[in-house]
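Asker: Generate coordinates for the entire structure from the input sequences, incorporating the hints supplied.
For the record, the sequence lines run as chains A and B.
The opening position of the first sequence corresponds to residue 1 in my numbering, with each subsequent residue numbered one higher.
The opening position of the second sequence corresponds to residue 1 in my numbering, with each subsequent residue numbered one higher.
Everything labelled a hint here was simulated from the structure, so no lab data went into it.
Fair warning: this is a prediction, and the values are worked out from it, not measured in the lab.
Treat the hints with care, since some could be wrong.
[As the list claims (entries may be wrong)] Quick list of in silico lysine-lysine cross-link-like pairs, DSS-like style, CA-CA up to 27 Å:
| id | chain 1 | residue 1 | chain 2 | residue 2 |
| --- | --- | --- | --- | --- |
| 1 | B | Lys-534 | A | Lys-309 |
| 2 | A | Lys-4 | B | Lys-444 |
| 3 | A | Lys-309 | B | Lys-47 |
| 4 | A | Lys-309 | B | Lys-308 |
| 5 | B | Lys-160 | B | Lys-205 |
| 6 | A | Lys-178 | A | Lys-233 |
| 7 | A | Lys-233 | A | Lys-253 |
| 8 | A | Lys-186 | A | Lys-254 |
| 9 | B | Lys-47 | B | Lys-203 |
| 10 | B | Lys-456 | A | Lys-309 |
| 11 | B | Lys-112 | B | Lys-123 |
[What the hints assert, rightly or not] Label pairs and their computed distance ranges (CB to CB):
| id | chain 1 | residue 1 | chain 2 | residue 2 | range |
| --- | --- | --- | --- | --- | --- |
| 12 | A | Asn-13 | B | Pro-462 | 16 to 24 Å |
| 13 | A | Glu-321 | B | Gly-162 | 25 to 33 Å |
| 14 | A | Glu-321 | B | Lys-160 | 25 to 33 Å |
| 15 | A | Glu-321 | B | Lys-308 | 16 to 24 Å |
[Claimed, not checked] Covered stretches of chain B (chain A as the covering partner; in silico rule of three or more C-beta atoms under 8 Å from a C-beta of chain A):
| id | region |
| --- | --- |
| 16 | 254 to 264 |
| 17 | 334 to 340 |
| 18 | 492 to 501 |
Beta carbons are placed, not taken as given, at the ideal position from N, Cα and C, and that holds for glycine.
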Amino acid sequence: MAVKLTLANYRTNVHNDWCPGCGDFGILSAIQMALADMQLDPSNIAIFSGIGCSGKTPHYINTYGIHTLHGRVLPYALGAKLANPSLIVLAVGGDGDGLGIGAGHFVNAGRRNVDITYIVHDNGVYGLTKGQASPTLKRGLRPKSLPRPNINEAINPIAIAIAAGYTFVARAYAYDNKHLKEIIRKAISHKGSAFIDVLQPCPTYNDITTKEWYAGEDRIDPETRKPIPRVYKLEDTGYDGEVQSPDPAEAEKKIAVALAKSFEWGDRIPIGVFYRNPYVPSYEERIASRIPNYLTIPPARQPIHDAEKHPTADIEQIMEEFLVTEA
Amino acid sequence: MAQSKVSWMIGGAQGTGVDSAANIFSRAAASSGLNVFGKREYYSNIKGEHSYFSVTLSNSVIRSHMDEVHLLATFDSETIIRHAWEVESGGGIIFDPKQTSEKITSIPTLEKNVVSGILERLKGEGLGNSVMDVLEVAKKNGVKLYPLPYVDLLKQVGEKIGETQLSILSRMTNVMAVAASFALFKLPEEHLFKAIEQVFKAKAKVAKMNIEAAKIAAEYAVRNFSNNGISFHIEPRPAKEQRLLINGTSAVALGKIVAGCRFQTYYPITPASDESVYLEDHEVFESREVEVLAENPHQAESMELNGKGSIVVVQTEDEIAAITMATGAALAGARAATATSGPGFSLMTEGLGWAGMNEVPVVITLYQRGGPSTGLPTRHEQGDMLFVLHAGHGEFPRIVIASGDIEEAFYDAIAAFNYAERYQTPVIHLLDKALANSTMTVRKFVYNDLVIDRGKLYFEWPSANGPYKRFEFTDDGISPRTVLGAAGGIFWNTGDEHDEFGHISEEPVNRCRMMEKRMRKLETADAEIPDREKVIIHGDVDAPYIIVSWGSTKGAILDAIEYHAQHGLRFAFAQVKLLSPFPTKLLQELLPRYERIICVEQNYSGQFAQLLAMRTCIKPHNLILKYNGRPFSFSEARDTLKRAIEKNEARIVTNAGA
Numbered sequence: 001m002a003v004k005l006t007l008a009n010y011r012t013n014v015h016n017d018w019c020p021g022c023g024d025f026g027i028l029s030a031i032q033m034a035l036a037d038m039q040l041d042p043s044n045i046a047i048f049s050g051i052g053c054s055g056k057t058p059h060y061i062n063t064y065g066i067h068t069l070h071g072r073v074l075p076y077a078l079g080a081k082l083a084n085p086s087l088i089v090l091a092v093g094g095d096g097d098g099l100g101i102g103a104g105h106f107v108n109a110g111r112r113n114v115d116i117t118y119i120v121h122d123n124g125v126y127g128l129t130k131g132q133a134s135p136t137l138k139r140g141l142r143p144k145s146l147p148r149p150n151i152n153e154a155i156n157p158i159a160i161a162i163a164a165g166y167t168f169v170a171r172a173y174a175y176d177n178k179h180l181k182e183i184i185r186k187a188i189s190h191k192g193s194a195f196i197d198v199l200q201p202c203p204t205y206n207d208i209t210t211k212e213w214y215a216g217e218d219r220i221d222p223e224t225r226k227p228i229p230r231v232y233k234l235e236d237t238g239y240d241g242e243v244q245s246p247d248p249a250e251a252e253k254k255i256a257v258a259l260a261k262s263f264e265w266g267d268r269i270p271i272g273v274f275y276r277n278p279y280v281p282s283y284e285e286r287i288a289s290r291i292p293n294y295l296t297i298p299p300a301r302q303p304i305h306d307a308e309k310h311p312t313a314d315i316e317q318i319m320e321e322f323l324v325t326e327a
Numbered sequence: 001m002a003q004s005k006v007s008w009m010i011g012g013a014q015g016t017g018v019d020s021a022a023n024i025f026s027r028a029a030a031s032s033g034l035n036v037f038g039k040r041e042y043y044s045n046i047k048g049e050h051s052y053f054s055v056t057l058s059n060s061v062i063r064s065h066m067d068e069v070h071l072l073a074t075f076d077s078e079t080i081i082r083h084a085w086e087v088e089s090g091g092g093i094i095f096d097p098k099q100t101s102e103k104i105t106s107i108p109t110l111e112k113n114v115v116s117g118i119l120e121r122l123k124g125e126g127l128g129n130s131v132m133d134v135l136e137v138a139k140k141n142g143v144k145l146y147p148l149p150y151v152d153l154l155k156q157v158g159e160k161i162g163e164t165q166l167s168i169l170s171r172m173t174n175v176m177a178v179a180a181s182f183a184l185f186k187l188p189e190e191h192l193f194k195a196i197e198q199v200f201k202a203k204a205k206v207a208k209m210n211i212e213a214a215k216i217a218a219e220y221a222v223r224n225f226s227n228n229g230i231s232f233h234i235e236p237r238p239a240k241e242q243r244l245l246i247n248g249t250s251a252v253a254l255g256k257i258v259a260g261c262r263f264q265t266y267y268p269i270t271p272a273s274d275e276s277v278y279l280e281d282h283e284v285f286e287s288r289e290v291e292v293l294a295e296n297p298h299q300a301e302s303m304e305l306n307g308k309g310s311i312v313v314v315q316t317e318d319e320i321a322a323i324t325m326a327t328g329a330a331l332a333g334a335r336a337a338t339a340t341s342g343p344g345f346s347l348m349t350e351g352l353g354w355a356g357m358n359e360v361p362v363v364i365t366l367y368q369r370g371g372p373s374t375g376l377p378t379r380h381e382q383g384d385m386l387f388v389l390h391a392g393h394g395e396f397p398r399i400v401i402a403s404g405d406i407e408e409a410f411y412d413a414i415a416a417f418n419y420a421e422r423y424q425t426p427v428i429h430l431l432d433k434a435l436a437n438s439t440m441t442v443r444k445f446v447y448n449d450l451v452i453d454r455g456k457l458y459f460e461w462p463s464a465n466g467p468y469k470r471f472e473f474t475d476d477g478i479s480p481r482t483v484l485g486a487a488g489g490i491f492w493n494t495g496d497e498h499d500e501f502g503h504i505s506e507e508p509v510n511r512c513r514m515m516e517k518r519m520r521k522l523e524t525a526d527a528e529i530p531d532r533e534k535v536i537i538h539g540d541v542d543a544p545y546i547i548v549s550w551g552s553t554k555g556a557i558l559d560a561i562e563y564h565a566q567h568g569l570r571f572a573f574a575q576v577k578l579l580s581p582f583p584t585k586l587l588q589e590l591l592p593r594y595e596r597i598i599c600v601e602q603n604y605s606g607q608f609a610q611l612l613a614m615r616t617c618i619k620p621h622n623l624i625l626k627y628n629g630r631p632f633s634f635s636e637a638r639d640t641l642k643r644a645i646e647k648n649e650a651r652i653v654t655n656a657g658a
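Answerer: So this is what it looks like as structure tokens:
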């Protein structure tokens with residue numbers, strides 16, 4: 001590419017109407033930074049979103065931006081990617097979107113391992129509808145707009161993603177957007193379905209897991225007189241979730257460790273890559289093993305008519321099965 | 001005396017080879033030069049419940065089944081008990097003499113009300129409650145009885161081929177029933193052997209065994225039944241053109257391949273899945289070498305095509321994913337579709353609305369079945385029309401086409417994609433269980449001269465054209481459309497109301513213009529789509545009466561009006577194919593010319609009649625309806641049309657079919 005692309009190439013001039021201090025800003029800028037770092041051609045990128053505040057993300061990014069239905073972001077994204085596997089496809093959505101109404105799609109996408117990156121904005125509430133409990137809100141918590149404490153248990157997105165078959169599973173924190181950017185870069189580079197659970201405060205409706213709470217401002221180290229942050233990076237502890245060989249036994253071991261790690265919460269909250277397995281064939285590779293020229297002429301790139309607009313498909317051979325043979 | 005058409009029925013428990021028997025019989029008859037129409041009935045069950053196939057043969061055109069049975073082939077008691085009553089005087093029943101002592105009450109798969117009805121009937125005749133008593137009634141009515149000793153004959157086959165295991169031999173029972181039927185109809189047996197070879201193409205040994213079984217059964221039938229044969233025969237004539245013997249789901253699948261559909265999604269559902277499974281089975285197919293033009297944006301791809309095209313078929317987790325995934329593929333520029341039935345379509349409505357809002361060309365092939373809810377999963381109905389026309393909240397344009405028969409279904413599948421891309425909106429191709437599962441001889445599909453119309457599609461957007469606006473306001477309502485990945489063509493989509501770029505806008509002036517732009521596409525479509533694709537006028541246009549109908553009732557109506565024409569009762573028939581945009585003007589001009597307007601459809605409430613009244617202010621004089629889950633037969637179309645004319649009843653409900 002002759003011209004170096006800057007962050008400005010990935011921005012639109014659409015007015016951003018998120019609340020001041022929203023974690024969405026951190027996620028948006030991390031996506032833009034990752035794309036710019038990777039120098040990806042904006043017209044070869046499609047960003048899909050679900051419904052809610054996070055659903056507006058694509059409108060602020062100068063790539064193909066498809067703001068879909070509540071919970072349905074993944075099947076739209078998968079359809080586009082499978083029709084044209086040379087596209088870079090990202091999906092973003094809220095926790096309610098992906099883990100509540102869209103949970104069935106979330107789980108089943110894991111089984112396929114299509115080469116996309118799925119980022120979940122995880123703030124524990126349904127912001128745009130005024131702060132109801134989302135599937136990741138812990139039981140018994142009562143953010144300010146809940147009339148009663150949350151009656152449901154929270155689900156564990158990391159554990160579900162691993163169990164469902166995602167081959168890249170990570171968590172990040174919206175206010176550490178440099179770290180988030182790096183995770184997004186790794187996720188895009190990963191050949192297969194990458195899932196990133198991004199913890200983010202909702203400054204308007206979630207007054208419990210706030211920026212201050214994540215930063216540990218409620219617990220001051222008596223020696224340093226500084227807050228003890230709850231969020232820490234897995235890589236700083238020597239944790240390694242990367243599967244190093246195609247031996248299924250190794251994947252099983254890494255999965256067990258990652259699952260155990262995914263339940264750590266409260267005083268210490270790990271972020272980083274929990275699990276990555278580069279040895280599972282992507283859905284595109286699985287198709288290509290049946291349709292040899294799939295990757296070079298995928299569905300969206302097949303010429304279906306000639307210069308006179310007549311169809312190119314030739315069904316003479318397959319019609320033979322039905323042909324009435326006269327004696 | 002030879003008839004112009006004869007009917008044959010075979011029945012048995014599901015999983016005992018009824019379908020393959022019907023397939024062999026139909027193929028054999030077709031290859032002798034006859035035209036074939038086969039209707040398949042089965043329960044929502046894997047093994048054990050009763051299924052049957054009714055095959056009508058004709059030496060001229062045949063488009064529907066008939067209720068009268070001329071020869072009933074059975075190898076179990078239940079088929080006799082259920083269907084012996086349908087056999088015409090002069091017809092016959094092939095049955096296993098070993099089973100005739102079985103009690104009617106001992107068959108668990110017979111519904112209680114069916115059993116009590118039959119017992120009452122037998123009692124009225126002063127008879128007992130065994131299978132033989134049922135056969136006695138048939139005999140009294142002039143039906144001939146043909147006991148075929150299956151087990152003895154199978155043993156003979158075993159001796160010939162060196163097979164002693166009865167469980168293996170008994171798999172050929174169905175073929176013996178077919179062979180005896182062929183002999184009774186006096187149809188040339190070489191076609192039967194050829195059909196067996198064709199059906200068991202992949203298993204030469206099985207084919208050979210079955211041919212032996214067929215020969216032995218046919219010999220037995222000739223030897224024992226020919227001095228007391230049936231009175232129904234038909235003279236095969238060499239066919240004038242190449243024909244296919246095909247069902248509806250395969251015809252649509254072939255249409256999709258020709259149309260350039262390269263991405264199909266589905267969630268398993270009866271009776272739609274057959275289409276997707278067929279497509280997956282044929283995911284790689286031949287493709288013509290095309291002359292590559294320098295300006296072709298797919299020049300490189302064309303070079304690489306190497307004579308092979310392909311379609312990706314994805315089985316999704318539900319129908320919501322099916323329509324949204326197909327929509328995603330359509331956004332990327334593939335011709336994409338999904339196939340479903342009523343319950344699946346219910347789930348698809350939100351995705352339909354989004355595609356309408358974002359002007360995405362996605363095709364939904366909908367095979368209606370008995371509703372509501374899971375309804376009659378394996379049975380027929382035309383109950384989804386009004387739902388399809390109005391599915392989804394808010395207002396958005398959609399194009400809805402209904403195929404009348406299997407041949408039309410192939411060509412309509414192609415038209416569906418052309419409409420979708422030309423008008424950039426979802427298209428619903430409306431079919432039903434009767435079309436899906438019926439088998440019919442049709443003219444071989446001819447497609448090389450058909451046109452693929454992709455509309456205002458751009459694989460790149462030249463900067464000289466100015467900034468790209470996906471929803472640019474235009475006179476015809478249709479904006480230039482780029483695909484994901486097109487250089488210079490970046491756009492945004494949202495289910496929210498949006499501006500020309502696709503960004504959210506709640507501003508009222510833009511809202512009105514955008515709503516008008518989208519809806520205007522229907523007016524454009526209405527103006528552009530030729531009349532012949534909207535309404536087909538059949539029959540005698542100068543007749544005093546006109547039938548208005550849509551979808552799969554076509555076959556029975558055509559066969560019935562042909563019959564009536566020979567008996568002095570003349571009908572015109574307007575088959576409405578385009579349901580949205582509705583051909584209001586055309587029908588307003590056509591229908592008032594007739595003394596009587598008769599609407600025929602397969603639902604309870606007369607959905608098409610309601611639509612007609614809503615769109616044209618024309619109320620049909622007579623409604624002929626059916627909603628018992630079984631398709632219209634020639635016989636009941638014939639009888640109810642006569643009744644409508646003679647008695648002028650406003651609403652006639654008919655319910656033939658077991």
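Asker: Each hint: holds or not?
Answerer: Here is how each hint holds up against the structure:
1. B/Lys-534 / A/Lys-309: Distance ~23 Å between B/Lys-534 and A/Lys-309 Cα, so the pair holds.
2. A/Lys-4 / B/Lys-444: Outside the cut-off at roughly 57 Å; violated.
3. A/Lys-309 / B/Lys-47: Violated - the C-alpha atoms of B/Lys-47 and A/Lys-309 are around 47 Å apart, more than 27 Å.
4. A/Lys-309 / B/Lys-308: OK: A/Lys-309 and B/Lys-308 at ~18 Å, within 27 Å.
5. B/Lys-160 / B/Lys-205: Status holds; Cα separation ~13 Å.
6. A/Lys-178 / A/Lys-233: holds, 12 Å
7. A/Lys-233 / A/Lys-253: holds, 21 Å
8. A/Lys-186 / A/Lys-254: Holds: A/Lys-186 and A/Lys-254 sit about 18 Å apart, inside 27 Å.
9. B/Lys-47 / B/Lys-203: Holds: B/Lys-47 and B/Lys-203 sit about 23 Å apart, inside 27 Å.
10. B/Lys-456 / A/Lys-309: holds, 14 Å
11. B/Lys-112 / B/Lys-123: With Cα atoms ~16 Å apart, B/Lys-112 and B/Lys-123 stay inside 27 Å; holds.
12. A/Asn-13 / B/Pro-462: 16 to 24 Å: 23 Å Cβ-Cβ, so the 16 to 24 Å window holds.
13. A/Glu-321 / B/Gly-162: 25 to 33 Å: holds, 31 Å
14. A/Glu-321 / B/Lys-160: 25 to 33 Å: Given range 25 to 33 Å: holds, Cβ gap about 30 Å.
15. A/Glu-321 / B/Lys-308: 16 to 24 Å: holds, 18 Å
16. 254 to 264: Coverage by chain A holds here, the residue count being 7 at a Cβ distance below 8 Å.
17. 334 to 340: It holds: at least three residues are needed, and the region 334 to 340 of chain B offers 3 whose Cβ sits within less than 8 Å of chain A.
18. 492 to 501: holds (count 5)
In summary, the structure is inconsistent with hints 2, 3 from the numbered list given earlier, while agreeing with the others.
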